[in-house]
Amino acid sequence: MKTVASRETRNLLQYPYLLWSSLFIVVPLVLVLWYSFTTPTPTGRYEFSISNYRRFFEPVYLRVMSRSILLAFEATLICLALGYPAAMIMVRLGSKWRNTLLLLLVLPMWINFLLRTYSWMVLLGRQGVLNQLLQWMGLPPQSILYSRGAVLIGMVYNFLPFMILPLYTSLSKIGKEQIEAAEDLGANRFDVFRRVIFPLSLPGILTGTTMVFMPAVSTFVISALLGGGQDMLIGNLIEQQFLSTGDWHFGSALSILMMVIILIAMTVVSLTDKGKTFEEGNLW
Amino acid sequence: MKRFLKLAFMGLFLVLLVCGCTKKSVVLNVYNWGDYIDETVLKDFEKETGIKINYETFATNEDMYIKVKQGGTKYDVLVPSDYMIARMIREGLLEKIDIQKLKNYNALDKRFLGFQFDPKNEYSVPYMWGTFGILYNTKKVTDPVDSWAILWNPKYKKQILMMDSVRDCLAVAFLRLGFSINSTNKEELQKAKELLIQQKPLVLAYVGDNGKDMMAAGEAALAMSWSGDAVTVRKQNPDLAYVIPKEGTNLWVDSLVIPKNSEHKEEAFLFIDFLNRPEIAKRNVEFIGYATPNRKAFELLPPEVQKDPVAYPPNEILQRCHVYIDLGSFLEEYNKVWTEIKSE
Amino acid sequence: MVKLRNHASLSKVYILLVLLFLYAPIGVLIIFSFNNLRSTSVWGGFSLRWYRELLQDRQILSALYYTLSIAILSSIISAAAGTVAAIGIHRMHPIARKVVLAINNVPVLNPDIVTGVSLMTLFTALRLRLGFTTLLLSHITFNIPYVVLCILPRLRQIPKEVTEAAMDLGATPPYVFFHVILPEIRSAIFTGFLIAFTLSVDDFVISFFTTGSGVNNLPIVVYSMARRGINPKINAVSSLLFITVFCLLMIINKRDTNIQKLEV
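Residue numbers (the numbering used here), protein chains in the order written: chain S, 1 to 284; chain Z, 1001 to 1344; chain V, 2001 to 2264.
Do not rely on the hints blindly, as some may be mistaken.
[What the hints assert, rightly or not] With a straight-line cut-off of 30 Å between C-alpha atoms, the simulated DSBU-like cross-links for lysine-lysine are:
no., chain 1, residue 1, chain 2, residue 2
1, Z, Lys1101, Z, Lys1265
2, Z, Lys1282, Z, Lys1139
3, Z, Lys1043, Z, Lys1069
4, V, Lys2012, S, Lys96
5, S, Lys96, V, Lys2254
6, Z, Lys1282, Z, Lys1096
[As the list claims (entries may be wrong)] Some chain Z residues flagged as far from chain S (calculated, every beta-carbon gap over 12 Å):
no., residue
7, Tyr1036
8, Asp1098
9, Lys1336
Hints listed in this document are in silico derivations from the structure and should not be mistaken for laboratory results.
For every residue, glycine included, the Cβ atom is placed at its ideal position computed from N, Cα and C.
Looking at chain S on its own, in the form it has when it is part of the complex:
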């Protein structure tokens, strides 16, 4: 009887979201797929075609794609490097500060993105706050605004909380007992981190990188504003197809290709540490 009951709940819980995601995710996705595999004919009808996909393999578009992925990858790495220590420190804080600090981390993100980015321009400009600070300290001014560095600062700024939060949740699960047990067995700090903390936090790292990397690939406003719009990114290109050119077909193909490339890359990453990371399968 018990097993029957548990099986029933097992079956029930997944259905609401399956239903929801088929309507609001799968149906729109099918629509995008349909657009990506058709082209309009002069008679006003649509015919099947893979020309939208073929177009992507022109060198210009490949360069746009690889540039976007590289930029997102760098931003994700920096977020991880900055976020991991922050999450570890937060876990050790007293319970009264933990939740407050969590909220403090996301609070800046409740302010409009454009305003925050414009503020960065004020901070980073040639005559900006940062340079005036440098001059005041007798250091030479830097031109940070409209450089790749500025783009990375902007991206890290906008995505850092999405890295810290999941890292924090997965680290907070690691019990003091586990660490103490390891220390009792004679492990030093580094060993404890390498053998106990880090492996146990891997699920959090994976979630954090997913939530930073995936949206980072398709953002372009940060690069347009802080990088001076010198380079086109995949997000730009897709938006251009949907809005300016009105070519939803090519735009859809671009976004499908982008998704496929990233999903494959992520799956490969998760397969490499299969078994080591989780007892029962991996995140993707």
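We have chain S; now place chains Z and V onto it with these hints.
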């Protein structure tokens, strides 16, 4: 967490309380650029006519176009720009304007009627207009500024701001080469592309609206700028000057139109006519700071504004200005070229 | 001991630096809400004019109302639905789970414009009038995947034996959920909720395409101002919002401390 949830629910409750119920009357849906009307004008219209205005805003012509075309929500008055009006007319999205219903129509300046995007003015009533030119810092630029060519002068390397927009950048290149800003000739387009690629190392940034702040802050020496922005920004930094180059430039017109699926066309006419009243048009143009195509409103403006050649360039300069037309499917070529420029 | 204290103060410095990085731009934008010029980056003297004008601006005030109500509603609903979904997904067959997770990732991966336009097409095909409901639906749609992503790793950290043992002892599934699973994943639900709220408050593109009938949120108002330059009124409303939440947070934190002191 429970406490936080409680707080969240309390917040929601408060927010719901604040929302007052609105009375049922005719609601006119106006779709405009953000911050592009003196909002007291809307209140005055409501007071005078009893028609409630539902005011929504968009960021670009293209955004607006998709929403109108999809038709998930209905609008009664829109404010698209020239080339977008042509496209919407071509696709049958706009209603004809009955001039008989617009008592203040003759207040409009004839110079801003009959453009190529709507030759007989059957569909659109001009609302605002302007040009773009070169905004420069007189402390940093020593050469005379009278030609677009100065934006290719290596002396000002990394001191130049261009607009982050395909058509505007290509228009500058076309003008410099002596071609039409609406060119649909592939060879001309290639030449323009090469010119812009050649310019790219000199460009500090391709900017949007923040360009004028960058100029005001002295971050750059030269910038492509809208005339309306030039008027505002010169008040913030007196070192700045604005010039329409001798090769000419683009003249844009934002016009009031009524979409075909509007459910309140009579009220829409009333609203458009209201905006054409000289004193109302004057209030709007003073709030926005661009230029009005309403002759009687223009006459009400203070003389120093009337004589400002930045906002209201003299006729001989206006003759060198060209309006964008709808490029149709050739726009794809423009966008491709733009992608190539931005991938160098 | 000395070493430990050093370690603790180093930690504090690090957290403070991270907070400085996050709050520096916020400081700048609050300063510019007092600008006398109509500019968000060129200073022209102190004034309160934007706060005065804000009180008269019904578009911004109504946008603030819609932003907050959509954000609160969508994040609560997504946190609840996402929790159920995550547990359901967690119990699925590994292959089915992979498929569902790939689908779950689609809204995270997809450029906003694609999500926005395709949802708009869906709503118009369903003959829904764009407005509050469609806006709420689309916010829930792009929020749930983030909640699921937050909760899944935490579920995976619960040893299987724990739930099985509870079941063997005769616990009903709801009892297991409320007394075994929920306490374990509470902090993950909270972070999921926070992320959902954050995404909802600041979403422009998807909101723009899925709203209508006079329902605007703040991001739409801000972006639509971009052609003419953002009005410092937006800085004013953002500063007010920010300072309110910040003060509430500090009050709650303070109260928690007091309660803890009493308990001790």
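Here is how each hint holds up against the structure:
1. Z:Lys1101 to Z:Lys1265: Roughly 11 Å separates the two Cα atoms, so the pair holds.
2. Z:Lys1282 to Z:Lys1139: 34 Å, violated
3. Z:Lys1043 to Z:Lys1069: 29 Å, holds
4. V:Lys2012 to S:Lys96: 15 Å, holds
5. S:Lys96 to V:Lys2254: 9 Å, holds
6. Z:Lys1282 to Z:Lys1096: 26 Å, holds
7. Tyr1036: 17 Å, holds
8. Asp1098: 30 Å, holds
9. Lys1336: 8 Å, violated
Hints 2 and 9 from the earlier list are contradicted by this structure; the remaining hints agree with it.
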